[in-house]
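Enquirer: Sequence:
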Amino acid sequence: MGFTGELIEGVGKAFIFERFRPKLRSYLSKAGITGVPYHLMGIFFWLSIMPVSYVFIFYAWGQILQRAHNPALQFLAAIVVWAGMHTAVLACIVVFSYVYLDLRIFNRTKKMEAVLPDFLRLVSENLKGGMPFERSLWSAIKPEFGILGQEVRLAAKKVITGAEVNDAVVEFTSKYDSPMLRRSFDLILEGMKGGGRTADVIDRVIDTIEETKELKAEMAATNLSYIIFVIIIVVVVAPGLFTLSFQFLTILQGLGERISSSGAGQAGASLPISFGNVSVDPAKFRDFSRYALMIISVFSGMIISLISKGSIKGGIRFVPLLFIGSQLVYAVAMKIGTSVFSGFFS
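Numbering (the numbering used here), first residue to last: 22 to 367.
Simulated from the structure, these hints should not be mistaken for laboratory data.
Quantities reported herein were computed from a predicted structural model and do not represent experimental measurements.
Note that CB positions come from ideal geometry on N, CA and C, so glycine has one too.
Hints are not guaranteed to be accurate.
[As the list claims (entries may be wrong)] The list that follows gives simulated cross-link-like pairs (lysine-lysine, DSS-like), each with its CA atoms no further than 30 Å apart:
id, residue 1, residue 2
1, 149, 214
2, 305, 51
3, 51, 34
4, 330, 234
[Unchecked claim] Cβ pair distances, simulated, as ranges:
id, residue 1, residue 2, range
5, 362, 316, 36 to 44 Å
6, 250, 99, 49 to 57 Å
7, 306, 204, 50 to 58 Å
8, 67, 240, 44 to 52 Å
9, 111, 54, 17 to 25 Å
10, 362, 91, 53 to 61 Å
11, 76, 324, 18 to 26 Å
12, 305, 231, 50 to 58 Å
All chains, please: the whole structure from these sequences, using the hints.
Expert: Right, here's the structure in full:
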């Protein structure tokens with residue numbers, strides 16, 4: 022490793038204290054990342070300097086010179102502003118990295134839960150063939166089981182090197198936030214401790230998992246109408262209402278300007294309705310509508326995920342679809358509304 026590589030990795034290690042490294046290593050292992058990527062952390066640190074430098078040179082430094090005339094105050098303010106902006110950028114990088122890793126762990130967990138019945142079925146067949154439990158786990162590992170096979174292989178290696186079967190399995194199941202995975206293996210281990218036929222226990226666990234999956238599928242199908250209703254609200258109704266509000270605001274603004282410019286203010290004094298200046302800028306309202314649609318898309322994706330998947334994390338993929346759909350419908354509706362109402366006062 023050259024000097025540049027050592028410098029980058031050294032900066033990455035500087036941000037992770039020694040006592041936090043085991044926890045970080047354990048968390049990254051859940052996402053399938055072996056070891057702490059100090060080199061990548063250092064790269065992110067040096068890359069974060071670029072936007073901070075741009076904003077500081079072209080915006081912040083001019084404001085500092087205008088407000089602080091003493092060179093000492095200018096130097097102190099520059100340090101504080103730079104540190105604040107750099108900390109904010111690094112915090113954003115940490116937040117986005119955490120969200121990415123958390124979603125990756127969630128997806129890995131769901132993949133393991135999807136193949137768990139097939140894996141346990143193969144373990145049960147091995148037990149019925151006369152194999153011991155740890156040997157049955159090892160023989161049931163197949164490439165099609167993917168992440169679950171890798172994790173079971175790690176647990177089996179710990180057993181081979183002298184660890185207890187219970188400890189290795191409990192460590193594996195507690196690694197992921199999966200009630201299905203944890204409860205299934207807990208029941209199997211308790212059945213082994215009770216002296217019963219482990220294969221029969223595994224078969225009953227498999228039946229329970231499949232029944233649970235069928236119930237979840239039925240619930241998702243039952244709630245399909247609610248999902249469609251939310252999608253229609255976000256993609257069609259909300260953009261349409263914002264478009265109508267914008268056109269109504271434009272009409273009021275044009276009507277008020279026409280009355281005031283035509284000298285009808287005195288004649289309109291006897292009318293029961295008084296037209297004044299519209300305080301809301303249509304351009305700002307249009308920007309507000311777009312931001313509002315973005316926020317609505319985020320929370321609607323979470324609602325759809327809760328209804329269909331039972332977890333908010335599974336709704337991240339719905340957010341871009343809802344956001345793009347609502348923005349496209351809003352843009353088309355604005356063009357149609359503008360063309361229809363443009364000649365209202367012409």
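Enquirer: Each hint needs a verdict: does it hold in this structure or not?
Expert: Hint check:
1. 149 to 214: Measuring from Cα to Cα gives roughly 18 Å; hence the hint holds.
2. 305 to 51: violated (45 Å)
3. 51 to 34: Holds, at about 20 Å.
4. 330 to 234: holds (11 Å)
5. 362 to 316: 36 to 44 Å: violated (27 Å)
6. 250 to 99: 49 to 57 Å: Since the Cβ atoms of residue 250 and residue 99 sit about 54 Å apart, the hinted range of 49 to 57 Å holds.
7. 306 to 204: 50 to 58 Å: With a Cβ separation near 52 Å, residue 306 and residue 204 satisfy 50 to 58 Å, so the hint holds.
8. 67 to 240: 44 to 52 Å: holds (49 Å)
9. 111 to 54: 17 to 25 Å: holds (20 Å)
10. 362 to 91: 53 to 61 Å: holds (57 Å)
11. 76 to 324: 18 to 26 Å: Violated, since residue 76 and residue 324 (Cβ atoms, about 36 Å apart) do not stay within the stated range.
12. 305 to 231: 50 to 58 Å: holds (55 Å)
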